[in-house]
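A.B. asks: Residues per chain are reported as follows:
2 protein chains.
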Amino acid sequence: MLSPHLIIKTMNNKKNLIEPKTLQGFMELLPDRQILFNRIMGEIKAAYESFGFLPLDTPALEYASVLFAKAGGETEKQIYRFTKGETDMALRFDLTVPLAKYVAKNYHNLAFPFRRYQIGKVYRGERPQKGRFREFYQCDIDIVGDGKLDILCDAEIPGIISTVFRRLGFTQFKIFISNRKILQGLAEHLGIAEKFSQVCVIADKLKKIGEVKVREELEKLEISKTIIDQLIVFLSYATTESKKATEILAFLQGYTIVNETFVAGVSDLISVVNGMKSFGVSEDNFAIDLTIVRGLDYYTGTVFETFLTGHEDIGSVCSGGRYDNLAGYYIDKPLPGVGISIGLTRLFDKLADQITLSNKAHTDVLVVSADSDTVCCLNVAAQLRQNGLSAIAYLEDAKLKNKFKYAERLNIKHMIILGETERANHTVTLKDLQSGQQYQQISIDKATQTIKVLNVD
Amino acid sequence: MLSPHLIIKTMNNKKNLIEPKTLQGFMELLPDRQILFNRIMGEIKAAYESFGFLPLDTPALEYASVLFAKAGGETEKQIYRFTKGETDMALRFDLTVPLAKYVAKNYHNLAFPFRRYQIGKVYRGERPQKGRFREFYQCDIDIVGDGKLDILCDAEIPGIISTVFRRLGFTQFKIFISNRKILQGLAEHLGIAEKFSQVCVIADKLKKIGEVKVREELEKLEISKTIIDQLIVFLSYATTESKKATEILAFLQGYTIVNETFVAGVSDLISVVNGMKSFGVSEDNFAIDLTIVRGLDYYTGTVFETFLTGHEDIGSVCSGGRYDNLAGYYIDKPLPGVGISIGLTRLFDKLADQITLSNKAHTDVLVVSADSDTVCCLNVAAQLRQNGLSAIAYLEDAKLKNKFKYAERLNIKHMIILGETERANHTVTLKDLQSGQQYQQISIDKATQTIKVLNVD
Chain A
2 MLSPHLIIKT MNNKKNLIEP KTLQGFMELL PDRQILFNRI MGEIKAAYES
52 FGFLPLDTPA LEYASVLFAK AGGETEKQIY RFTKGETDMA LRFDLTVPLA
102 KYVAKNYHNL AFPFRRYQIG KVYRGERPQK GRFREFYQCD IDIVGDGKLD
152 ILCDAEIPGI ISTVFRRLGF TQFKIFISNR KILQGLAEHL GIAEKFSQVC
202 VIADKLKKIG EVKVREELEK LEISKTIIDQ LIVFLSYATT ESKKATEILA
252 FLQGYTIVNE TFVAGVSDLI SVVNGMKSFG VSEDNFAIDL TIVRGLDYYT
302 GTVFETFLTG HEDIGSVCSG GRYDNLAGYY IDKPLPGVGI SIGLTRLFDK
352 LADQITLSNK AHTDVLVVSA DSDTVCCLNV AAQLRQNGLS AIAYLEDAKL
402 KNKFKYAERL NIKHMIILGE TERANHTVTL KDLQSGQQYQ QISIDKATQT
452 IKVLNVD
Chain B
2 MLSPHLIIKT MNNKKNLIEP KTLQGFMELL PDRQILFNRI MGEIKAAYES
52 FGFLPLDTPA LEYASVLFAK AGGETEKQIY RFTKGETDMA LRFDLTVPLA
102 KYVAKNYHNL AFPFRRYQIG KVYRGERPQK GRFREFYQCD IDIVGDGKLD
152 ILCDAEIPGI ISTVFRRLGF TQFKIFISNR KILQGLAEHL GIAEKFSQVC
202 VIADKLKKIG EVKVREELEK LEISKTIIDQ LIVFLSYATT ESKKATEILA
252 FLQGYTIVNE TFVAGVSDLI SVVNGMKSFG VSEDNFAIDL TIVRGLDYYT
302 GTVFETFLTG HEDIGSVCSG GRYDNLAGYY IDKPLPGVGI SIGLTRLFDK
352 LADQITLSNK AHTDVLVVSA DSDTVCCLNV AAQLRQNGLS AIAYLEDAKL
402 KNKFKYAERL NIKHMIILGE TERANHTVTL KDLQSGQQYQ QISIDKATQT
452 IKVLNVD
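Taken in sequence, the protein lines are chains A and B. Start counting the first sequence at 2; every next residue gets the next number (this note's numbering). Start counting the second sequence at 2; every next residue gets the next number (this note's numbering).
For reference, chain A alone in the conformation it holds in the complex (with noise of 0.2 angstroms):
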């Protein structure tokens, strides 16, 4: 293997200095940033795993040929695909093809229920702008059944999602849930099933910008005012948000029309909410919402979104639903799945002020020489890591005062000082910089108990 250092240089050429720039959309961030972004991806990970998901890390590059399986090869403008010798490859643009690919590839070789997650970059070209990253984390969830999937798997995603954002400190959220049967069924009772992929584009839209506009987009598809008061009657009872689902399901079991898709679509809806209550998803967390659509070709019946209150303008912040076939460019198996996505990097983008986790410092100490005899600190910080803190040994020639403003600097709240004493009695002073309290000549064990006692505070 090359070393790794091989390719840099030391150069003593002053001039012709290389702007050290980073391409544009690619979130990169400063320690502290750095270490919340990684205690919130933790937390996601840690949801995904109380609930048995089992981890994946599929290679971000994949041959074009399987990552394009659906447009035939063809490119997109917003992938990153370039040939290496003969290799036509690309940057995965989402973790659900990955995943698609490895599941035909190694069907052999899983247990069904196949529950997996994945935290890892995707990468789309996509124009810069404010809140938009080309390289950005996903975090995916996906339950994939082999030939079938009980739908109850639909009703523990709200638990998951509502387990999520409970961890990052969010209380106030509403998930959004639907059947995409439901307003299908209708489509076809009404006579307008093969306008039925723009009718839900239309009705995506009923929340945003009103009925008036969405009757002039239903008129342009040509569909008669009798039919578009059908469907707007339809979508505004259950769009209002003030109604109980148990109210809508009642409405929708009222609904006496003959058509099997839409028994259906109830049928499973209704599946879900008992489940989820079951599971003990509060009922203020989510809503039955008939015009939530999603992707229009890929799923095919439970359907979520998920808005943090007061933070509505930014978006779904976990999306997802039940699709009927994961991967049918590879493998010639039924594999029906339920998935959901969170978008960390534009999540923590938009929220990551709003987000309360444990205020723990990084690093617990910094032990640091009252005077220049600095190997003490070495010492000294393999006893406190034994102890099973973290320790920075402060090893440098400095004032120290300029060793107070490295820990101020780093957020460390505790500092051990070393000198002539404490080298001679084998003990410590301790001072938590809090509170400006001094701990002076106690042993290391007492500064271990004291600091785990004041990270608890």
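Keep in mind that the hints were calculated from the coordinates and are not lab data. Any given hint could turn out to be false.
It does not matter which identical chain is used: a pair holds within one copy or between any two.
Calculated cross-link-like contacts (lysine to aspartate or glutamate; reagent style EDC-like; alpha-carbon spacing at most 16 angstroms) [what the hints assert, rightly or not]:
(1) 149 x 397
(2) 334 x 20
(3) 71 x 20
(4) 106 x 20
(5) 22 x 89
(6) 214 x 333
(7) 402 x 50
(8) 175 x 89
(9) 406 x 217
(10) 106 x 29
(11) 149 x 398
(12) 85 x 127
(13) 361 x 50
(14) 78 x 189
(15) 131 x 423
Given the coordinates of chain A, assemble chain B onto it according to the supplied hints.
C.D. replies: Frame of chain A, contents of chain B only:
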């Protein structure tokens, strides 16, 4: 944001399937291996954080002009480089160049010494061969000073290496240390300073090809026999592994040649060895070896290589050293540092089965129903999670036998079985799948306690 699922489409056409293949040289693991991989990465991360290193996560893509500052933009064969729009960019080939860019870019916002770790994927399009990867994880730490950096920082590095490998269950390993100034000083003294780089390359081979061949190669450089004799005596003395560090240091101190570089190198090496001892690195785990040279141009002082006893054939598992100037291409400030890198993907590929970590299951409990009423599993699983366990609710309509098989496939050690009686009494039946022992009709809290106790055993 594009819906992550938008690209794939359900498809019923069962012909023309695309082979779900992964690029050559790109590691992709089955779940049980991925769990182990992640645990190893977690141990390395925890070790680095215990030393107070700050996390960094720079983009995988950079401007080609930034990555190839040294080469002046010339394309390297191994590099994944391409243009998108008008931007010439490349995937990073190590974590050091991005660190140099980052420190230069954020110089005024960082506290020095800047201690950072980064664990991330890097890309090198090497010819595919066994044990070589094109996408692989590097786990790096560096301590970067502003203008100066105490030599004791070098002494801290073996302590970190030692901590990492002990956490991974290795006690038998050897960290080889040298200081390039010593050999450089000797070369200056012998009047062969201009051949120093070539001498280094040959010196590095002494243990592999032996004295006779090393002599031959040195002769090709037109170095006189007398000087070759002196070089061989010097190098051979210090590669005899049985010699203790103190013995070699005494030899070096007794080697009275008048050369500043040599003297400085010996003095630095003494500081490092003494610092290490004060740090508590066992004498069994390190040795001085003056043939260790590493990357020729980059390192300027202390150098490290680490070999796992019994696995010397896989080469150094952790290497690094001291450099004079990290970011001279980007900023007109001297930034000396010291760092090491672990090639995690290769280490895992070669040694996964030698690594002993806790055998804890990824998921604690599988909650199943004895009959087809599975909705109760959701609620019980939620309560177990509230009690701090990870749990999967099995929601498919399947035979009990298949539910046991699923637990076995996922290495889950505890199963909770819910039947009519349990549902009526709000109790559960817990089965320890390893011993076969069953705890019937107990409360969820009792089941939680029992599982936690069994997990510890």
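A.B. asks: Enumerate the violated hints, using their earlier numbering and listing them in ascending order.
C.D. replies: 6, 7, 8, 9, 14, 15
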